[in-house]
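Peer 1: Put the complex together from the two separate chains, hints included.
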Amino acid sequence: MKRFLLAAAFFAVLALLWEAAYRAKIWSPVLLPSPRQVVSYLESAAADGTLFKATVITMRRLLVGYLIGLVMGLPLGLLTARWKLFHDTIGTLALGLQTLPSVCWVPLALLWFGQTEAAMLFVVVMGTLWSVVIATETGVRNVPPIYRRAALTMGSKRLHMWFKVILPAALPFIVSGMKQGWAFAWRSLMAAEIFVTILTGFGLGQLLHYGRELSAMEQVIGIMIVIIVIGLLADKIFFSPIEKFLHRRWGTSQP
Amino acid sequence: MHRTAHRSTATEELQPIAPSKLAIEEVSKSFQSVSGTVLALDRISLNVAEGEFVCLVGASGCGKTTLLNIIAGLEKPDSGTVLADGNPVTGPGRERLVMFQEPALFPWLNVFGNVLFGLKLKPNLTRKDRHDVATYYLELVGLSRFERANIHELSGGMKQRVSLARALAPNPRVLLMDEPFAALDALTREQLYGDIQEIWQARRKTIVFVTHNVREAACLGDRVLLFSPHPGRIHEEFAVQLPRPRDINSVDLAAHATRITKALKSIGQAEAVAAK
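Residue numbers (the numbering used here), protein chains in the order written: chain A, 42 to 296; chain B, -17 to 258.
Since the hints were derived computationally from the structure, they do not count as laboratory data.
Don't be surprised by glycine CBs; every beta carbon is placed ideally from N, CA and C.
Hints are supplied without guarantee of correctness; some may be wrong.
Restraint ranges, calculated between C-beta atoms of paired labels, are given here [stated by the list, open to error]: (1) B:T108 to A:K94: 47 to 57 Å; (2) B:Q14 to A:F204: 29 to 39 Å; (3) B:R109 to A:A53: 50 to 60 Å; (4) A:R199 to B:L65: 21 to 31 Å; (5) B:A165 to A:F286: 22 to 32 Å; (6) A:G90 to B:K110: 52 to 62 Å; (7) A:P142 to B:K110: 48 to 58 Å; (8) B:V233 to A:R182: 50 to 60 Å; (9) B:H134 to A:R77: 43 to 53 Å; (10) B:K110 to A:L47: 50 to 60 Å; (11) B:S17 to A:F204: 57 to 67 Å; (12) B:A164 to A:H288: 24 to 34 Å; (13) A:R182 to B:G68: 37 to 47 Å.
The shape of chain B in the complex, shown without the other chains (with noise of 0.2 Å):
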């Protein structure tokens, strides 16, 4: 292949790249459904600051993964635009990565293949730097010991960990997160809280987070996003500020989840008495 003189090199490329500012702007999507048209999201805008660490909140339904998929370029809006740094959203690329609830590692490679895989489709990169970019982000969720290892040997959290090094290893500006801790066990979960501060304080990324678990959103974003059902709509907005790290149990975050979940349940309340 023919090289060209400006061509990254591994430490380059493992300098942290700047994150990107999205805004969305008045995305509209609906779904045919047995039960007629289902509106998943009406009408949302919303702006994300560099570098800032959003969760999407609600109860299941409520169009935040839809939203995700929207941002990530995975699906289109019926209507409005997401531009990242300014430019329209047009399908997916690897500046926007994603991770996913179920973990959608391949089977047919092993672990250290896996977080290969992205960076192979990165263009100026020699099988030097691939494997040094590698290598440093299985560091970095501290599976070193397992990149030769295959998928299925490995426990739900390490799964979960490689997946994290593979949408890092491009060095995205932005990462999107489809409830990527709710299928582990709270021990692991906790451990993940952590590391994922960490890595988000050392890398520099814009993260758009789904969950429907508000003290996971209070822990880790700058700010909570709630969303209420039928159709999708924003319903309100909290700001976190406690200092980082953070532990999932402070006594703090708990005040802010409570705060949280209060509006939460106003909403199923709400949408009770509609149905009647």
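In isolation and in its complexed conformation, chain A is listed as follows (with noise of 0.2 Å):
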């Protein structure tokens, strides 16, 4: 509770620091809006349904590019563990790729899909799924042998042997990759967004991109609070409690 009330603290003096620069008139009130300014603007857009529909696209194309990163980049990190060929090709691939700020999928991906939904999974998936595949195989990897051969001495082979022993000793690498790409996911979606305007939806990315063109900074700071809190949310809702997990189990040290 006192952790509570410290953080809640920190924040109001942060609004209201805000609040004095705005009253001091350093800069023109087009380009530094009154906190309140922002508010009324979340308000608004709350009421009329736009924020919320803007969410719900964005968490659509974001969880739907998200699974397939997933779902590819699993079998994927195994295969290249497992065997030298894919470690040679499709492992050195994905580590190339991610390096690429998928940012730059943004070009590629409107040549070939064009101003459609397809373009955005595509940068939502290739933001993911790299660094699913280098964290998955870099955890296969890192299992210690000796689990490897205990298990074996139990009679425990193959299929048995993937599943019961090697993914799970390999979880805390694997979540932590899970959680990179859910970011990498979340960065590359606000850029396709912010880059591709397509008329199937308005995510919260063109919401903000109508901002700036509007020269509606009260909008431009309100979507990209939304932004960072909804990022905030993914964190504590769906990671914090598999790490905390794993935390416990495996007796590595909790914040």
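Peer 2: Right, here's the structure in full:
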């Protein structure tokens, strides 16, 4: 409770500083709206449903792309860990493509798929896939050989070995790869939504884009805050419990 | 799953099983190292009787762990064979379970889950049988209270007790132990010497026990085999005929240990002379 209050006080002070900067009129009010203006934009956008609709569209794109990335990335990571041939080919490709900032996929996606949902999805999948592949491979390669040997003597082999020993042993790595994949997916989707204007649905990125076009700074800042909050919530609701479980089981330190 | 009429029950499963007879015949194994080929084992032959407790002792690098791994089926010899009850060993199997130096417990499972692991791989056991068997062995090693604990919450000695329960649970005929107590403090070790002798007598297993601790070998083994390195060979064999359970601090035991230590030292001196 005390920790919560301290954190709340920190954000209250941050808002007060912002308000003070606005009142001191250091920057033009067009460039720096007051916190109240941002809140009132968010209220009206929430009231007329724009915000909700945009959030649903964005989250749908994100989840679908992320899941495709996971479903493809996990098996590819296992293949690269298991066979040298896959490690030398797909593993190297993954390593290279992972260093490519995912926004770089946007021009290619636009030319290949046009202004469509497919273009969005493609960018999100490319953002997720490679870090999941690499994390899975690293995880599997870091499984202490002693676990394998112990399981072998107890009669574990092939699929049983993979599903009951190697995958669980690699879980901490895989989860951190999934988390990184999530962060990359989120970043790449926002890049795609800002650059790709399509008529099948306005996501949060597009609201941000139009905020800029209209020089509506309260919209720009408001949407940015929404994006930050969604990122935080995903972490707290989805990843935090998994990480807590891992910390408890493995006995690794916890912040 | 189809259930056969003659499936074993938990009670049957807990009956002591006939221990195996091991025959190691002319086993050789070499490794490539930076300094060339190292002959880890040079035509080792060795018989272990049913239910015998044999200790392999020697300086590090004398091939005793390699021999244990070959008996386990985790490594293949370059030549020679290992027979368990007359059948050649071709790979690892639950008839011969291993207890490793570092506790190879699975951190993603709790204590109970670890003991269940090998049982789940054994066919024809119901859920309840597996549960009963795991409970029995956790009680045997004195850790019933900790069955829901996570592995990292246990002390080193407790971890090795869980490893022992996990290795005993599928009721193997042979137990292979690779310096299982080396990383423990003296007090915990002494307790485990008592426990392992008690369990060995109650469960009738053939045990091959690798150690570099001569006193430990004299305390546990019916027979102590002293290995010499470069190449790995059985240098000398000592029979230890003392009543059980044996106390590691007893004077009679010290006499045996002294004899073995003397032989071990002479190997070391011979090595040093050869090196010059």
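Peer 1: Output the indices of the hints that this structure fails to meet, ascending.
Peer 2: 11
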